[in-house]
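Asks: The lines below spell out each chain.
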Amino acid sequence: MPKKKLFEITDQPLSLDDVAARVTRPDCGAIATFAGVVRGITAMDGGQRDTDFLDYEAYTEMAESMLAQIGDEIEERWPKVKAVSILHRTGRCEIGEASVVIAVATPHRDDGCFEACRYAIERLKAIVPIWKKENWSDGQVWVEGPRQPDLDLSQPADEAAP
Amino acid sequence: MKIELRLFAGLRETAGFGEKKIELPAAATVGDLLVQLAEEYPALELADRSIYVAVNQQYAAPDVVLQEGDTVALFPPVSGGCGSGLITLE
Chain A
0 MPKKKLFEIT DQPLSLDDVA ARVTRPDCGA IATFAGVVRG ITAMDGGQRD TDFLDYEAYT
60 EMAESMLAQI GDEIEERWPK VKAVSILHRT GRCEIGEASV VIAVATPHRD DGCFEACRYA
120 IERLKAIVPI WKKENWSDGQ VWVEGPRQPD LDLSQPADEA AP
Chain B
0 MKIELRLFAG LRETAGFGEK KIELPAAATV GDLLVQLAEE YPALELADRS IYVAVNQQYA
60 APDVVLQEGD TVALFPPVSG GCGSGLITLE
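Chains as they are written, first to last, in numbering that gives the first Met the number 0: chain A, 0 to 161; chain B, 0 to 89.
By construction, these hints were calculated from the structure, which means they are not laboratory data. There's no promise every hint is true.
Unchecked claim - Listed next, with one range per pair, are the computed distances between beta-carbon atoms:
#, chain 1, residue 1, chain 2, residue 2, range
1, A, H107, B, G15, 30 to 38 Å
2, A, K3, B, D62, 35 to 43 Å
3, B, M0, A, A34, 43 to 51 Å
Note that beta-carbon positions come from the ideal geometry of N, C-alpha and C, so glycine has one too.
So here's chain A without its partners, still in its complex pose:
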C-alpha cells in the first residue's frame, strides 16, 4: 500500500483516526489533534444564523505546498516535533463533518505538540488558499478573510511562538 501523504487536499471525508495514524511513530508517545467541523448554528447580534452546508474550494497544488511549508515552520520552531499531518476537504461538507484535521507527534507531551497544533490551524487560516461558501438557509456567500495588507506573509505570526 502506498504511503499516505502528510499534507493533502481531498474531496473525501476526513477522520481524526486517519490523520493521527499518519503521524504515529515508534519514537513518539504524544499526538495532539485538532478538527475543524462544519458549524450549523452561528450566533449573531440578536439571534442566530443557520447554515445548511458549506462548499470548500482550494487552489489544490498551491494549498498542498503551503501546508507543507507550515510543516517546515513547525519543525523549525519546535525541533522536537517528529511529524505533522494536515488534511483539508474540498467540495460540499455537511453540518458536523470535519473540514480540516491536524495531527502533531512528539516524543513526550511537553515537547510542543499542543502549541504546534494550534500554530498549524492559525497559519492555515492565514495563508493556505482555500475558500468556503456559506450556504445559509436564506442565501449563499463566499466568506473572505479580513484585509490586513500591512502584515508580512513571509513571517510566521509572533504570537504563536513557543
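Position chain B relative to chain A; hints supplied.
Replies: Structure of chain B alone, referenced to chain A:
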C-alpha cells in the same frame, strides 16, 4: 507573451471562468496584468477590492515581472485569513 490566468472562489464565479490564457506585453508586471484585467473585466471590480496574487504558486507583489508561460492566480483573502500579500490597485 502569454500567461495562464487562474481565478478562484467569488472571482471565478463572477468572471465565469477559472482558467484563461492572457496576452501581455513583454516584461509586464503583476500590477500591469491587474490593470489590464480591471479594464477587460470590470465586473471583477479589481480596483475596489483587495486580492492575493500568486505567480507559479508563490505569493507575489505588484512589481514582480512576469515571464512567458507563468501561471498567475488571483483570489480573495482566504476564509479565516489575516495574512498579507494583499494587493490593492492604485
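Asks: Indicate, hint by hint, whether the structure satisfies it.
Replies: Hints, verified against the model:
Distance hint check: the CB atoms of H107/A and G15/B are about 54 Å apart, inconsistent with the given range 30 to 38 Å. One distance hint, 35 to 43 Å for the beta-carbon pair K3/A and D62/B, holds here, with the actual separation near 40 Å. Separation of M0/B from A34/A is about 45 Å and conforms to the stated range, judged on CB atoms against 43 to 51 Å.
Violated hint for the displayed structure: number 1, the only one.
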